[in-house]
Amino acid sequence: MKVGVVSFPGSNCDEDALLAIVERLHESAVLLWHKDHDLQGADVVILPGGFSYGDYLRSGAIARFSPIMQEVVAHARRGGPVIGICNGFQIACEAGLLPGALLRNESLQFRSMPVTLRVESVDTVFTRAATPGARLTMPIAHGDGRYTADAETLARLEGEGRVVFRYVDATGEPTAAANPNGSLRNIAGVTNDTGTVVGLMPHPERAMEPLLGSTDGLVLFESLLATAKA
Amino acid sequence: MKRFKVSVHIVPRKGLLDPQGKAVADSLRTLGFAAVADVHVGRHVVIEMAAADAGTAEAAVRDMCGRLLANPVTEDFEIAGVVAA
Chain A
1 MKVGVVSFPG
11 SNCDEDALLA
21 IVERLHESAV
31 LLWHKDHDLQ
41 GADVVILPGG
51 FSYGDYLRSG
61 AIARFSPIMQ
71 EVVAHARRGG
81 PVIGICNGFQ
91 IACEAGLLPG
101 ALLRNESLQF
111 RSMPVTLRVE
121 SVDTVFTRAA
131 TPGARLTMPI
141 AHGDGRYTAD
151 AETLARLEGE
161 GRVVFRYVDA
171 TGEPTAAANP
181 NGSLRNIAGV
191 TNDTGTVVGL
201 MPHPERAMEP
211 LLGSTDGLVL
221 FESLLATAKA
Chain B
1 MKRFKVSVHI
11 VPRKGLLDPQ
21 GKAVADSLRT
31 LGFAAVADVH
41 VGRHVVIEMA
51 AADAGTAEAA
61 VRDMCGRLLA
71 NPVTEDFEIA
81 GVVAA
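Chains A and B, in that order, are what the protein sequence lines are. Per this note's numbering: the first sequence = residues 1 to 230. Per this note's numbering: the second sequence = residues 1 to 85.
To be clear, the hints were calculated from the coordinates, so they are not data collected in a lab. Given the structure is predicted, the values throughout are model-derived calculations rather than measurements. Don't take every hint at face value.
Looking from chain B toward chain A, a few residues come up when the C-beta cut is under 8 Å (computed) [unchecked claim]:
1) L16
2) L17
3) P19
4) A23
5) L68
6) N71
If the Cβ cut is set under 10 Å, some of the chain A residues that face chain B in the computed set are [what the hints assert, rightly or not]:
7) S28
8) V30
9) W33
10) A101
We put the beta carbon where it would ideally sit given N, CA and C, even for glycine.
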């Protein structure tokens, strides 16, 4: 499996994602420069966290028009796996790969902290190795993470099982207190209608080493490996 | 071709939670502006461009709003003015 990690100007989690793939999964990974038109044969694309293009106008709005994103969108349309993490989730929404949008946190505060997620769907290429209902701990670090979509879209996502992760408390309940940003229905991550594109605000690539406090992020990438070998 | 300045207001869609607007409203009330009922914080964008006439300039900016300047999921926009530059 070859993973391509996109580097936009202002990305700051690209190297972390690359290291996580190479050192923890022992798979090959390359950085893909935003001006390139070539995915370099990557089977999987990671849109990493950061503040692409300064997040001017809106988070992710400018990155969507970069040359590499045309290739990423084409890859996704062919059924290729894409995961958008944090700023990458915002970019995926702006690019129309995922429904909805991420707005300023309800608290207006930048939130950098570990959160607990509940796995809501294992019908995606990034969660098929996870257990339904499992609770995962990984960090968030964002100011614009409030997931929003219109009522019709929310109903469709829920009805089709496309909410992938929800913020929950220690007992697994999606309470208001466990919601770090005011996301509708405590939504932390969603998928497209084929389960091949996943976006989430928390950082699985920062939860892949015991030294960093959690290895719960590994399951997303192990799911990919299971997919690649299937 | 003539030059035009087209200004556009982009505002959060009504009904969506607007924490920035709420924070500003709370501050205004703290300052004593008790009559403040609600505040919405958006963006004002001014585009200077060449176009055959004002209508063409406005149509182009509407297209820009639909494709980049406003997020169709969360924002509404209105053309605030088209003036010869």
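Evaluated hints:
no., hint, verdict
1, L16, "6 Å, holds"
2, L17, "6 Å, holds"
3, P19, "5 Å, holds"
4, A23, "6 Å, holds"
5, L68, "7 Å, holds"
6, N71, "5 Å, holds"
7, S28, "35 Å, violated"
8, V30, "29 Å, violated"
9, W33, "22 Å, violated"
10, A101, "4 Å, holds"
Of the numbered hints listed earlier, those contradicted by the structure are 7, 8 and 9.
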